[in-house]
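Each residue of the first sequence is one higher than the one before, starting from 1 at the first, in my numbering.
What the hints contain is simulated information worked out from the structure, not anything from laboratory work. We put the CB at the ideal spot given by N, CA and C, even for glycine. A couple of the hints might just be wrong.
DMTMM-like, lysine to aspartate or glutamate: derived pairs with alpha carbons at most 20 Å apart [stated by the list, open to error]:
| hint | residue 1 | residue 2 |
| --- | --- | --- |
| 1 | K560 | D341 |
| 2 | K338 | E582 |
| 3 | K560 | D224 |
| 4 | K560 | E225 |
| 5 | K560 | E79 |
| 6 | K560 | D181 |
| 7 | K338 | D301 |
| 8 | K338 | E416 |
| 9 | K373 | E416 |
| 10 | K560 | E167 |
Here are the computed distance ranges between Cβ atoms for each label pair [unchecked claim]:
| hint | residue 1 | residue 2 | range |
| --- | --- | --- | --- |
| 11 | A126 | V104 | 58 to 68 Å |
| 12 | E124 | A15 | 18 to 28 Å |
| 13 | F558 | D165 | 47 to 57 Å |
| 14 | P112 | R348 | 37 to 47 Å |
| 15 | P112 | S334 | 46 to 56 Å |
| 16 | E513 | E121 | 47 to 57 Å |
| 17 | R496 | G444 | 23 to 33 Å |
| 18 | F558 | Q149 | 30 to 40 Å |
| 19 | T4 | Y132 | 20 to 30 Å |
| 20 | P377 | G139 | 51 to 61 Å |
| 21 | I2 | E345 | 54 to 64 Å |
| 22 | Q189 | T4 | 52 to 62 Å |
| 23 | E248 | D165 | 21 to 31 Å |
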Amino acid sequence: MIRTHPAGGLRPEHAGQSVVLAGWVARRRDHGGVVFVDLRDASGVVQVVFREAVPEDPLSQAAHELRAEYCVRVDGTVEIRPAGNANPELPTGEIEVTASRLEVLSVAEPLPFPVEGSAGEIAEEARLRWRYLDLRRLGPARALRLRAQATRVIRGVMDAHGFLDIETPYLTRSTPEGARDFLVPVRLQPGSWYALPQSPQLFKQLLMVAGLERYYQIVRCFRDEDFRADRQPEFTQLDVEMSFPDEEDIYALTEELLARVWREVLGVEVPTPFPRLGYAEAMARFGVDCPDTRFGVELADLTAYLAGTGFRVFQAAIGAGGYVGAVVMPGGASQTRKELDGWQEWARGRGARGLAYVLLDAETGEPRGPVAKNLSPEHLAGLAAATRAQPGDAVFFAAAAVRTEALALLGAARLEIGQRCALVDDSAWDLLWVTDFPMFEPTGDGGWTAMHHPFTAPVPANEADFHLRPGEALSRAYDVVVNGQEIGGGSIRIHRAEVQQRVFDVIGLSRVETDAQFGFLLEAFRYGPPPHGGIAFGLDRLCQRLAGADSIRDVIAFPKTASGGDPLTGAPTPITPAQRAEAGIDAVPEP
RNA sequence: UGGGCGAUCGUUCAACGGCAGGACGUCGGGCUGUCCACUCGAAGAUGCGGGUUCGAGUCCCGCUCGCCCAGCCA
């Protein structure tokens with residue numbers, strides 16, 4: 001190594017020592033005869049002093065010519081700073097390095113944005129375009145360090161439990177259902193294409209058939225869908241599968257894993273076992289299947305209470321076998337007309353017609369507002385009790401013939417209320433299981449689709465008859481939720497061909513189709529497959545949470561934008577006609 | 001695919017339909033104890049294409065790009 005010491009580690013006990021440092025010029029304060037340089041390396045920052053002993057001395061001259069982000073080597077002596085000159089803001093603030101020699105290892109052009117200084121306000125596009133400069137900064141680099149720490153803990157836990165780290169193919173076959181595949185042309189077989197895996201789901205099940213019993217992998221997955229703050233075209237899963245488990249084994253492993261990650265990365269103790277919440281209860285109380293339980297404001301089901309109402313909007317929903325519900329905004333009655341209109345705007349932005357509301361007078365508790373005029377005196381009288389609202393609160397309603405639509409709006413409103421009323425304790429960590437998912441959900445055209453995926457086992461009570469009543473059958477799937485965000489999910493899998501066949505029948509996959517798509521898995525299942533199950537965690541989201549970041553882009557070294565581009569490399573790019581011809585993209589399939 | 005917001009010196013933020021301005025950075029000078037050093041001076045910008053207008057950074061239409069949301073993501 002060029003250096004003898006990390007810059008950020010120097011302390012008063014090093015005083016008197018000769019050191020060699022290597023790093024970057026973070027800041028330069030040039031007083032003419034004395035020049036201060038803040039030298040930054042990965043360990044931190046230390047102040048280097050260049051003093052002009054005699055006029056025009058070359059060392060001082062060289063220091064004068066330094067610029068931001070030059071990469072330099074400094075030889076010098078650690079000294080206690082003169083009295084009154086210590087900087088308590090810096091870990092190295094009690095000392096400084098008096099330079100005796102300076103070597104510019106490489107120069108830097110003027111920067112496209114300031115590397116030092118309050119950095120958060122730089123446009124993300126510029127940060128990604130020059131991501132290597134962005135990552136020189138403390139905050140962005142810290143997110144990547146945290147991620148490395150998390151994966152180190154994860155590997156330790158998985159190894160301690162005898163899980164084997166096994167790689168699976170990135171070039172594999174396309175399987176319909178689920179997300180859109182990224183496709184890769186095959187030069188040696190024009191007209192045939194690989195797909196990049198959406199997850200190693202089928203391979204990990206094959207590894208269970210193979211008798212390896214315990215598999216894990218920190219693996220890249222690819223989905224060609226639209227991107228968001230928490231979605232990238234390529235993302236990373238911690239993928240886990242084991243043989244002969246029941247749910248409790250997966251829960252125990254997950255709880256140990258996450259508790260240790262939280263402890264060793266954040267120093268936070270999360271209580272185990274995690275609370276468990278059934279899907280139906282989660283939907284009824286919170287309107288979503290991944291509730292943020294850090295605050296209350298639970299939904300109220302008013303379908304029965306408002307039966308017989310004359311208010312047409314509610315009547316129509318109830319008459320159609322739907323749902324009317326409400327969520328209370330504490331203190332919401334004092335909102336201005338503009339704020340209440342803002343809620344209408346907010347609801348329309350989510351595809352709803354609006355958000356009906358009743359305001360309860362802060363003094364009298366008297367219901368006010370346009371909707372109040374449409375409800376009977378009896379319904380109004382009991383409204384506060386039915387919704388657990390207090391005087392001064394606002395009650396927001398949602399009604400729909402399809403229950404889940406109204407629940408979705410109320411669930412979103414609940415989160416918005418939590419935000420606007422600052423009800424969320426930002427320091428809290430709520431980790432919980434959501435269990436007892438339905439096996440199937442309606443497709444909208446009378447059919448059914450697997451809610452989790454088609455290899456998810458039914459609960460024992462539904463094993464014999466799930467195909468007869470697909471709307472009621474529950475599966476052995478589970479999600480783990482952190483502060484209202486799903487960060488992992490999995491299931492106990494089907495391992496019997498007969499059960500698997502009935503699932504395919506329910507979701508309308510013919511034997512020809514299943515053979516074509518999953519034939520290799522079904523064939524493997526003819527050779528003594530073990531009962532098995534597993535879970536997969538979104539590692540990017542997990543690290544985003546740990547880092548307190550706004551986007552998974554912050555915990556990815558070189559992330560892509562919402563349109564799938566990489567501002568740094570310029571990918572994706574057009575290809576040359578020669579590449580196009582060679583890749584076999586335009587091969588015409590045999591009729 | 002749809003909705004919202006946005007795009008001005010390198011960065012960040014201004015500008016009633018009427019001379020595009022500041023801060024930081026950059027470049028040049030000064031300065032021996034600063035730590036967002038200070039100080040004197042200089043250069044430097046309206047994403048693209050149409051339209052309205054005497055006149056457009058500003059208004060209108062289209063496009064591109066970015067961010068957020070809905071759809072989508074088994």
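Hint-by-hint comparison with the structure:
Simply put, K560 and D341 have alpha-carbon atoms about 36 Å apart, too far for the 20 Å limit, and the pair is violated. A threshold of 20 Å between alpha carbons decides the hint, and for K338 with E582 the separation of about 61 Å lies outside it, so the pair is violated. Under the criterion of a C-alpha separation no larger than 20 Å, the hint pairing K560 with D224 is consistent with the structure, at around 13 Å. This hinted pair checks out: K560 and E225 have alpha carbons roughly 13 Å apart, not beyond 20 Å.
The straight-line distance between the Cα atoms of K560 and E79 is roughly 46 Å, outside the 20 Å bound, and the hint therefore fails. This hinted pair checks out: K560 and D181 have alpha carbons roughly 17 Å apart, not beyond 20 Å. Annotation: proposed proximity of K338 to D301 is violated, straight-line Cα distance about 28 Å (limit 20 Å). Straight-line distance between C-alpha atoms of K338 and E416 comes to about 16 Å, which keeps the hinted pair within the 20 Å bound.
With a CA separation close to 26 Å, the supplied pair K373 and E416 exceeds the 20 Å bound. Restraint check for K560 and E167: not satisfied, since their Cα atoms lie roughly 24 Å apart, outside the 20 Å limit. Here the CB-CB span from A126 to V104 is close to 26 Å, at odds with the stated 58 to 68 Å. The supplied range of 18 to 28 Å is broken by E124 and A15, whose beta-carbon atoms lie about 43 Å from each other.
Take F558 and D165: their Cβ atoms lie about 24 Å apart, and the range 47 to 57 Å is violated. Separation of P112 from R348 is about 40 Å and conforms to the stated range, judged on CB atoms against 37 to 47 Å. One distance hint, 46 to 56 Å for the beta-carbon pair P112 and S334, holds here, with the actual separation near 47 Å. The hinted window of 47 to 57 Å between E513 and E121 holds, with their beta carbons roughly 53 Å apart.
Between R496 and G444 the Cβ separation comes to about 30 Å, which falls inside the hinted range of 23 to 33 Å. Distance hint check: the CB atoms of F558 and Q149 are about 19 Å apart, inconsistent with the given range 30 to 40 Å. Restraint check, T4 to Y132: a C-beta distance of roughly 26 Å satisfies the suggested window 20 to 30 Å. Range check, P377 to G139: about 58 Å between beta-carbon atoms, so the 51 to 61 Å window is met.
Evaluation of the 54 to 64 Å hint for I2 and E345 yields a pass: the beta carbon distance comes to about 59 Å. Separated by about 57 Å at the C-beta atoms, Q189 and T4 satisfy the suggested range of 52 to 62 Å. At roughly 24 Å, the beta carbons of E248 and D165 sit within the given window of 21 to 31 Å.
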